[in-house]
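J.: Here are the chains, one letter per residue:
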Amino acid sequence: MKPFKSHRGIAAPLPKSNINTDLIVPARYLTRARKEGFDDALFADLRSEADGTADPNFVLNQPPFDAATILVTGDNFGCGSSREHAVWSLADYGFRVVIAPSFADIFHGNSLQNGLLVIPTPQATVNELCTKMSETPGTEITVDLDSQTVVCGNLSYTFDIDPYRKECLLNGLSETADTLRRLTEIKTFEGRHGKSHPWLTAPN
Amino acid sequence: MGKTIFEKIWAENSVMERPDGATLLFVDRHIVHDATSQGFDKMEAEGHSLRRPDLTFGLADHYVATGNSAAQRKPNFDQMVNRLEAESKRWGFDSFGPGKSKQGIVHVAGPELGITLPGCVLVCGDSHTATHGALGALAFGIGASEIAHVLATQTIWQRKPKQMRVTIDGTLDQNVTAKDLILALIGKIGAGGGTGHVIEYAGSAIRGLSMEGRLTVCNMSIEAGARTGMIAPDETTISYLEGRDYAPRGDVWDRAVAHWRTLISDDDAVFDCEVSMHSSEIAPMVTWGTSPMDVLPITGAVPAPSIADNDDERKRIAHALDYMGLTAGMQLTDIAIDRAFIGSCTNGRIEDLRAAATIAKGRKAQVPAFVTPGSGQVKAQAEAEGLDRIFTDAGFEWTDPGCSMCVAMNGDLVPPGERCASSSNRNFEGRQGRGSRTHLLSPAMAAAAAVTGHLADVRKL
Chain A
11 MKPFKSHRGI
21 AAPLPKSNIN
31 TDLIVPARYL
41 TRARKEGFDD
51 ALFADLRSEA
61 DGTADPNFVL
71 NQPPFDAATI
81 LVTGDNFGCG
91 SSREHAVWSL
101 ADYGFRVVIA
111 PSFADIFHGN
121 SLQNGLLVIP
131 TPQATVNELC
141 TKMSETPGTE
151 ITVDLDSQTV
161 VCGNLSYTFD
171 IDPYRKECLL
181 NGLSETADTL
191 RRLTEIKTFE
201 GRHGKSHPWL
211 TAPN
Chain B
112 MGKTIFEKIW
122 AENSVMERPD
132 GATLLFVDRH
142 IVHDATSQGF
152 DKMEAEGHSL
162 RRPDLTFGLA
172 DHYVATGNSA
182 AQRKPNFDQM
192 VNRLEAESKR
202 WGFDSFGPGK
212 SKQGIVHVAG
222 PELGITLPGC
232 VLVCGDSHTA
242 THGALGALAF
252 GIGASEIAHV
262 LATQTIWQRK
272 PKQMRVTIDG
282 TLDQNVTAKD
292 LILALIGKIG
302 AGGGTGHVIE
312 YAGSAIRGLS
322 MEGRLTVCNM
332 SIEAGARTGM
342 IAPDETTISY
352 LEGRDYAPRG
362 DVWDRAVAHW
372 RTLISDDDAV
382 FDCEVSMHSS
392 EIAPMVTWGT
402 SPMDVLPITG
412 AVPAPSIADN
422 DDERKRIAHA
432 LDYMGLTAGM
442 QLTDIAIDRA
452 FIGSCTNGRI
462 EDLRAAATIA
472 KGRKAQVPAF
482 VTPGSGQVKA
492 QAEAEGLDRI
502 FTDAGFEWTD
512 PGCSMCVAMN
522 GDLVPPGERC
532 ASSSNRNFEG
542 RQGRGSRTHL
552 LSPAMAAAAA
562 VTGHLADVRK
572 L
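In order, the protein sequence lines correspond to chains A and B. 92 is the number that the numbering used here gives to position 82 of the first sequence; each next residue is one higher, with no gaps. 351 is the number that the numbering used here gives to position 240 of the second sequence; each next residue is one higher, with no gaps.
Treat the hints loosely; a few may be bogus.
To give an idea of the chain B side of the interface with chain A (calculated C-beta under 8 Å), a few residues [as the list claims (entries may be wrong)]:
| # | residue |
| --- | --- |
| 1 | Arg129 |
| 2 | Phe382 |
| 3 | Arg542 |
Here are some, though not all, of the chain B residues that point toward chain A, as calculated from beta-carbon distances under 8 Å [unchecked claim]:
| # | residue |
| --- | --- |
| 4 | Trp121 |
| 5 | Leu228 |
| 6 | Cys231 |
| 7 | Ser256 |
| 8 | Trp268 |
| 9 | Ala302 |
| 10 | Gly303 |
| 11 | Arg366 |
| 12 | Ala367 |
| 13 | Phe539 |
| 14 | Glu540 |
Simulated from the structure, these hints should not be mistaken for lab results. Even glycine gets a Cβ: it sits at the ideal position worked out from N, Cα and C.
Construct all of the structure, not just a fragment, from the sequences and the given hints.
T.: What follows is the structure in structure tokens.
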């Protein structure tokens, strides 16, 4: 996983609630392998018309937002399908941070597994950020993971993050390798669980 | 203080805790499907191998061909299906691909095969894994990175979610189904109403549901944003499971049943949040917008953006009406449809097909209509009951099992601009194909729409 320490970049506003993962990456892109990349799949049906021409009304088609690396959006972002491709699309397009009042649970977990920092932020603050972005397009936001701070001009705030996920992000660590270091505990549990729940550990 | 079912299962499967408060849960059942390849890729890229093939099960569903006459299939769809088969052979886990009589949608075939058992922790790389909670399992959807973790370790790190209890009392009226119940709940609490929570469904209306109905309710927990849904196992659950392929037998069955009877929330258990509804509040429901929470009784009219209490929501509704091609104020029953789809992990079970067949019988579909059983076993049962003939006589197309037009990943698409009455679970923009317009409803309501050519109140047919 690509480590995340701090990031400064242009923020793009997409102030809609309940943006689902079908909208972030339509199903027709999901047969691709991870290494093939998903940058063109991001918001494909919003970015372009059915004939493939770019929709000038979509924020990411408008300079300077086309160079954005931070997305500021509405609540329940990433709801719906568990497809991790939604995170890969955002990351491959160049996004490093998503700021929203709330995130859907599965999307939230998927993001942190891929070095995409999601920052739950009160709605009022999200509104303030969006105002700054529309008043001064190209406004940059600075995010520092170690100090858990977001700074945008004269506005700054701190955010919460699970300490373990923070550690993994800062160091680009894979959780699986870390878990396998606890294999002895897992095997001990399996032995005990098998005795107390034989119907679960030995399916017919 | 007493414990909830969720807390009991959490404690039973807790391997260890990390200092940050996350718990390592043992995974009793991992179901993989034909859109799970990236999980296997990641496991291998990190140099790991499958730890417990005996607890891993494969079911092909997302990309399988259903024989739908309008399908636009691409060669790489079969590659996705074949990849699952190849992984199953390579690692030695049981898998049910196309053509096998027990193949089906993970959330239909899993319970049907007895892979899902009360009290088990079950995960799958699909958000509708919440479905399996209907049997009293702790079941939730995961992403590709977590799939790789489960494949390699048979465990998953989780932070304890909050708990919500939804109590629904009363008796559902005839032609009011589990689908209407869950749509009404999502309309009440919103698409993010359950975020961060596990929902336990309780009350006499829930107890009165068949296992099929319970699976439908838990299935759509994710559409309310919940991590999963659960229902305490009872006699309905136990009699459903007895004799199923992977269910225990003999003495082990007796031990299992004795344990399952303890999986109820104690009287003094505490939930973070309580929601109550009464069955009398629930009518046949239909969605009008692009979120499952955009739902009303079929007797209603398309709402105006002005019903919202804030500007963002007004804009969202206006955009949804524009996308759906609807005008505020029109009666829902005046909305003409272009096609109908009956199937999916929400409503592709035998009871769903029986309900739809009752409406189709002796009538004629006015638009292209597709009936896609949720599994090979559902298909065989339906054919034994003659349901396939009822559908085909009524001009419906009867297909092979799979996810099909619910997720539109296998080429079974709704064409751009067309309006589909669908017994599936998501009415998102583009969900059933680019530019598709989806109205979610029960199987009987979908059949009613098919035979009238417009959204219709099944009670009046």
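J.: Check the structure against each numbered hint from earlier and tell me which ones fail, lowest number first.
T.: Those not satisfied are hints 2 and 4.
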